[in-house]
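Letter by letter, the chains look like this.
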Amino acid sequence: MSIINNINKLFDHRIRLGIMSILMVNDYADFNMLKELLGATDGNLASHTKALEKAEYIKIEKQFIGRKPNTRYATTALGKTAFKKHIEALEKLIKNKT
Amino acid sequence: MDSKDYLKDIGEIKDLMNKSSRFISLSGLSGVLAGMYALIGSAFAYWLVNNYSNGVLILNGWVFNYCLLTLALVAIFSIVTGVLLTTKKAKKQNVSTWNSTSKRLVINFLIPLVTGGLYILIILSQGKYGQAGALMLIFYGLALINASKYSVGDIQFLGYIQVILGLIGAIKPGYGFWLWSIGFGIMHIIYGTWMLFKYDK
Chain X
1 MSIINNINKL FDHRIRLGIM SILMVNDYAD FNMLKELLGA TDGNLASHTK ALEKAEYIKI
61 EKQFIGRKPN TRYATTALGK TAFKKHIEAL EKLIKNKT
Chain A
1 MDSKDYLKDI GEIKDLMNKS SRFISLSGLS GVLAGMYALI GSAFAYWLVN NYSNGVLILN
61 GWVFNYCLLT LALVAIFSIV TGVLLTTKKA KKQNVSTWNS TSKRLVINFL IPLVTGGLYI
121 LIILSQGKYG QAGALMLIFY GLALINASKY SVGDIQFLGY IQVILGLIGA IKPGYGFWLW
181 SIGFGIMHII YGTWMLFKYD K
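Top to bottom, those sequences are chains X and A. Under full-length UniProt numbering, residues 1 to 98 are what the first sequence spells out, in order. Under full-length UniProt numbering, residues 1 to 201 are what the second sequence spells out, in order.
There may be inaccurate statements among the hints.
Subject to a maximum C-alpha distance of 25 Å in a straight line, what follows is the list of computed DSS-like cross-link-like pairs (lysine-lysine) [as the list claims (entries may be wrong)]:
id: 1; chain 1: X; residue 1: K80; chain 2: A; residue 2: K91
id: 2; chain 1: X; residue 1: K54; chain 2: X; residue 2: K9
id: 3; chain 1: X; residue 1: K80; chain 2: A; residue 2: K14
id: 4; chain 1: X; residue 1: K62; chain 2: X; residue 2: K85
id: 5; chain 1: A; residue 1: K19; chain 2: X; residue 2: K59
id: 6; chain 1: X; residue 1: K95; chain 2: X; residue 2: K9
id: 7; chain 1: A; residue 1: K14; chain 2: X; residue 2: K92
id: 8; chain 1: A; residue 1: K149; chain 2: X; residue 2: K62
id: 9; chain 1: X; residue 1: K95; chain 2: A; residue 2: K149
id: 10; chain 1: A; residue 1: K103; chain 2: X; residue 2: K85
id: 11; chain 1: X; residue 1: K95; chain 2: A; residue 2: K8
id: 12; chain 1: X; residue 1: K84; chain 2: A; residue 2: K128
Note that these hints are calculated values from the structure, not bench results.
Take the sequences, apply the hints, and build the full model.
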């Protein structure tokens, strides 16, 4: 059952999968961009970014644009590999069942 | 989760990757209209040169200045139409027009275009205008190819066609006017119509 093992529990949520998808193709994304694309509330999004950060799949950078604080996110190398493995596992699962 | 859910996951991943990195609300209709402006503009310039300048364009004459003015008007009308129709389309699709993807698109489109525009102005001011039409096509084509990474990928093909037309124009400067009309006029109309059917239907 090695295929099932590669299905990453941490990605087993629409918002988390969404955050990772966006960060895979963008160098950075800020909080508002993620919010707009995923249609999530502030609290919901924050809890999911925190979970991904804890696993060290994404890193958070806080900076100031003018006087406004801005939080932006980027994937780590670890996160990228984990996501790729997850996608491969998903693809295999779909192929095996159809 | 069964396989249907996984399939939905993959679909959503692809959708988000596209939406977050490409601005796809470009209006096909604005392409058609831009092409028509270009054709009207070139028809006017053709009429002007043949009736008032014996078919030859002399640098810094009033006919030449009118041609430049026509060119500027075509560009302004095309940009305004493009921005208005794209904003309208984006609103309909419920995405904001001025977000990170559209900013990236505009910046990557403008870098080759502004470089080319300035270069053309410089050589015009030095009295070398034989290649201006070809250069416009080449730089516009490069701008489209560069921008295609951040929008619907199809615009790169329009870019390649413009570059090829521009290179032909560089070899045969005498056909510059006709190649310009084909590139900016007819190709825009064909391409815009194609986009209209592919994405707006």
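Comparing the hints with the structure gives:
1. X:K80 x A:K91: It is violated: about 33 Å lies between the C-alpha atoms, which goes past 25 Å.
2. X:K54 x X:K9: holds, 14 Å
3. X:K80 x A:K14: With a Cα-Cα distance of about 16 Å, the restraint between K80 (chain X) and K14 (chain A) holds, given a limit of 25 Å.
4. X:K62 x X:K85: Judged against 25 Å, a Cα distance of about 29 Å means the pair is violated.
5. A:K19 x X:K59: Since the Cα atoms of K19 (chain A) and K59 (chain X) sit roughly 22 Å apart, the hinted pair holds (cutoff 25 Å).
6. X:K95 x X:K9: holds, 20 Å
7. A:K14 x X:K92: holds, 17 Å
8. A:K149 x X:K62: violated, 28 Å
9. X:K95 x A:K149: Given pair K95 (chain X), K149 (chain A) is violated - Cα atoms ~30 Å apart, limit 25 Å.
10. A:K103 x X:K85: Roughly 32 Å between the alpha carbons, so the hint for K103 (chain A) and K85 (chain X) is violated.
11. X:K95 x A:K8: Distance ~14 Å between K95 (chain X) and K8 (chain A) Cα, so the pair holds.
12. X:K84 x A:K128: violated, 54 Å
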